[in-house]
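> The residues making up each chain are set out below.
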Amino acid sequence: MEKSIIVENLGKKYDINKLKKDTQFREALINFAKQLLFRDQENMEVVWALKNVSFSVEKGEIVGIIGRNGAGKSTLLKILSKITYPTTGRMKIEGRVGSLLEVGTGFHDELSGRENIFLNGSILGMKKKEVSRKLDQIISFAEVEKFIDTPIKRYSTGMRLKLGFSVAAHLETDILFIDEVLAVGDVAFQKKCLDTIKELRNSGRTVLFVSHSIPTVESLCPRVIWIDKGEVREDGAVEEITNNYMSQFATVKHATGFDLTKAFEREGTGEIRFTKIEYLNADGTPKNLIRSGDSLKVRIHYRVHQSVSNPDFNFRIYTERGGKVASFGNLILGDNLSMLSLGVGYADIEIDNLNIMPDRYFINLWVYGNKEIEYIDHLVFCSTLDVEASNYYKTGRGIDKGCGITFLQYKWNFSNNSLGENSINQ
Amino acid sequence: MENNWAIEKKLDWIKEFWHYRELFYFFVWRDIKLRYKQTVLGALWAIIQPFFTMVVFSIFFGKFAKMPSEGAPYPIFSYSALVPWIFFTTAVGHSGNSLIGNTNLLTKVYFPRFAIPASAVLSGIFDFFIASIILLGLMIYFHIPLTLNLFFWPLLTIPLIFLALGLGLIFSSLNVKYRDIKYTIPFLIQIWLYLTPIIYPINILPDRYKVLIALNPMTGIIEVFRSLIIPNKQVDFGSLIYSVVVSVVILFIGIIYFRSTEREFADIV
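Line by line, the protein sequences are chains A and B. Numbers 1 to 426, taken from the numbering used here, label the letters of the first sequence in order. Numbers 1 to 269, taken from the numbering used here, label the letters of the second sequence in order.
By construction, these hints were calculated from the structure, which means they are not laboratory data. Note that CB positions come from ideal geometry on N, CA and C, so glycine has one too. Treat the hints with care, since some could be wrong.
[Said to hold, decoys possible] One-sided excerpt, in silico: chain B residues whose CB lies under 7 Å from chain A:
1. Arg21
2. Glu22
3. Lys37
4. Lys108
5. Asp267
[As the list claims (entries may be wrong)] Cross-link-like lysine-lysine pairs, in silico, PhoX-like; alpha carbons within 20 Å at most:
6. A:Lys127 to B:Lys233
7. B:Lys210 to B:Lys233
8. B:Lys15 to A:Lys82
[Unchecked claim] Each pair of labels, with its calculated beta carbon distance range:
9. A:Gly323 to B:Thr103: 39 to 49 Å
10. B:Ile100 to A:Arg316: 53 to 63 Å
11. A:Glu2 to B:Ile48: 53 to 63 Å
12. A:Asn52 to B:Arg263: 15 to 25 Å
13. A:Asn52 to B:Thr103: 29 to 39 Å
14. A:Tyr393 to B:Gly42: 50 to 60 Å
15. A:Arg90 to B:Leu212: 43 to 53 Å
16. B:Thr184 to A:Ser156: 48 to 58 Å
17. A:Lys129 to B:Leu193: 42 to 52 Å
18. A:Asp136 to B:Ile255: 52 to 62 Å
19. A:Pro222 to B:Ile14: 33 to 43 Å
20. A:Tyr85 to B:Phe252: 15 to 25 Å
Could you put the whole structure together from the sequences, leaning on the hints where they help?
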């Protein structure tokens, strides 16, 4: 298959000293004189924004590029877009390139929307004829028909975004580089952007897509390159790499468990004391990354100092604000532990689907005796539970904590579907 | 088309610039449009600057200081020099600041960077044209005969453009790296005004100074502009040729310096 992009050993070095000083010509002169007279050895403070980056992309491939802030993703796109030059390495690009590194590049406030479409289009590499041909499409996609002849300084931010994206979306380039333009804008606009990019899949264009939104990347890109500290850390199929990527963010505590022996807020008569919480996979291995919808095994370790009959164990999840999310008590399930013997033990809570929104949660843990008068052990906010976003509905729309606390399985069926006939039974 | 940095051919950039010529037209159009959109006086500004400068000069230098004016009325003498001079100085000033005035473009989009200082120089042509029309009006008012020489008036802008572009390329590149350059430009232009025979005719200078002033490439060009207007003033071909050669050399230097520092613009702007 034809290669669209080939990158070999790309590197970009920034010389901190150079960037720091000499912004005044007279300073430069003084330093030059100093060097001549005193032979000052400059200490080389150098930052390699990119190092040894090599990969190739086939024609028509859609590749996601992920990495932490500062990892070098934007630098890579800038080099590929020829905005900045690499220090080492080389690249070969076949075909016309369009870059969406920021929406509305080249917009000038004083000019009207229409004038800016031409200007923006020209900057992005479209010929005037091409822009004229698509002018109506561009205007209607951006939904700014009424305002097309007013200066864009009167536009709202949303309108400017739509206009900028609309022009870029109608570019007919062979290759498209997109850098997180979708991170801003309202939900409706983001959906439009996503749909447009999805259509690119069928157009045969090669797309490199830099994003922080893992669910979006997962749904759009079959292949992902993970840039970490300027180097290619992983390059391959999306699911595995995104999981690895997200694991690094999960709180380390998830891996080793929370030590509860020195818990901050604790009360209770003390026949049983909780010692540790662990978050595990079904097979008992530590679960580093907990995502919405995952199955989870919570292992609660305790020490029984004095035998207790029919203890009522409870594990409750709270939001950061203290709102109750869900409770997991053993008595409700009808599990009766007749007697807990002395010594060390643990209990596993098996949750099939943790259908709560990505967020940070807090855990309360307690156990009542059979009298239910007072606590045997009660820990307040003794553990955090970080739940990360997941592509639960497999649509690339991340589940958003603004929509509620929990999410459920559901379907919508419309009686008068615009596709024509009465379609409940589609 | 291979994009191999190691073997970038020397003249490819010209081909590429041609490919992007529409963008270049857009930049010129944008600069001109914006210059007038943002001002109260709009297109009048093209007339006001040379005209009122001429009026002030005529009063203080022409009348009070009794400056000789090569046989023509002092207003004609000074205005015919001011029109090309003002084109030149605004061209150098605008293009000198053009790169730092477009940082958002430089860091976000690829296009031949050359288009920015180049369009800044050319956007002054419109002003030049309007100011020249006023010159015709003045000539009629002062009963100066309109000869066929006027045909050469627009052609003389070519060496002016070369010189302004060369300087603009150098200054704009320097400006990206050293921000205090932008303060030196107006200062240099001020001094340069006095080193060019605009306010005064060249023959009031003692011979020694005539030579020095003749080294100034603008001298030759301005003198020829004047020769096209003032009757019985001979065209000094020698100094014209000298000026054209110097302009071309400075343009080359400008292009070379610009091309060599172009790579770093996006990083340090």
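> Each hint needs a verdict: does it hold in this structure or not?
Against the structure, the hints come out as follows:
1. For Arg21 of chain B, the interface hint is violated, the least distance from its beta-carbon to any beta-carbon of chain A being 10 Å, above 7 Å.
2. Contact between Glu22 of chain B and chain A, as hinted, is supported at the beta carbon level, the nearest pair being about 6 Å apart and thus within 7 Å.
3. The criterion of a C-beta within 7 Å of any C-beta in chain A is met by Lys37 of chain B, whose closest approach is roughly 5 Å, and the hint holds.
4. At its closest, the beta carbon of Lys108 of chain B sits 4 Å from a beta carbon of chain A; the interface hint therefore holds under the 7 Å criterion.
5. Annotation: interface hint on Asp267 of chain B holds; nearest CB of chain A at approximately 6 Å, less than 7 Å.
6. Straight-line distance between C-alpha atoms of Lys127 of chain A and Lys233 of chain B comes to about 48 Å, which puts the hinted pair past the 20 Å bound.
7. For the suggested pair Lys210 of chain B and Lys233 of chain B, the alpha carbons sit about 17 Å apart, so the restraint of at most 20 Å is met.
8. Of the supplied pair hints, the one linking Lys15 of chain B and Lys82 of chain A holds, its CA atoms being roughly 17 Å apart against a limit of 20 Å.
9. The beta-carbon spacing between Gly323 of chain A and Thr103 of chain B, approximately 46 Å, falls within the hinted interval of 39 to 49 Å.
10. The hinted window of 53 to 63 Å between Ile100 of chain B and Arg316 of chain A holds, with their beta carbons roughly 59 Å apart.
11. Distance hint check: the CB atoms of Glu2 of chain A and Ile48 of chain B are about 60 Å apart, consistent with the given range 53 to 63 Å.
12. Taking the beta carbon of each, Asn52 of chain A and Arg263 of chain B are about 21 Å apart, inside 15 to 25 Å as hinted.
13. Checked against the hint of 29 to 39 Å, the C-beta distance between Asn52 of chain A and Thr103 of chain B comes to roughly 30 Å, which is consistent with it.
14. Distance hint check for Tyr393 of chain A and Gly42 of chain B: the Cβ-Cβ separation is about 57 Å, which falls inside the suggested range of 50 to 60 Å.
15. Remark: the range hint 43 to 53 Å for Arg90 of chain A to Leu212 of chain B is upheld by a beta-carbon distance near 51 Å.
16. For the pair Thr184 of chain B and Ser156 of chain A, the beta carbons lie near 41 Å from each other, so the given range of 48 to 58 Å is not met.
17. Distance hint check: the CB atoms of Lys129 of chain A and Leu193 of chain B are about 45 Å apart, consistent with the given range 42 to 52 Å.
18. Taking 52 to 62 Å as the suggested C-beta distance range, the pair Asp136 of chain A and Ile255 of chain B does not conform, at roughly 41 Å.
19. At about 41 Å, the CB distance of Pro222 of chain A to Ile14 of chain B agrees with the hint of 33 to 43 Å.
20. A beta carbon spacing of about 23 Å between Tyr85 of chain A and Phe252 of chain B agrees with the range 15 to 25 Å that was offered as a hint.
Of the numbered hints stated above, those contradicted by the structure are hints 1, 6, 16 and 18, listed in ascending order.
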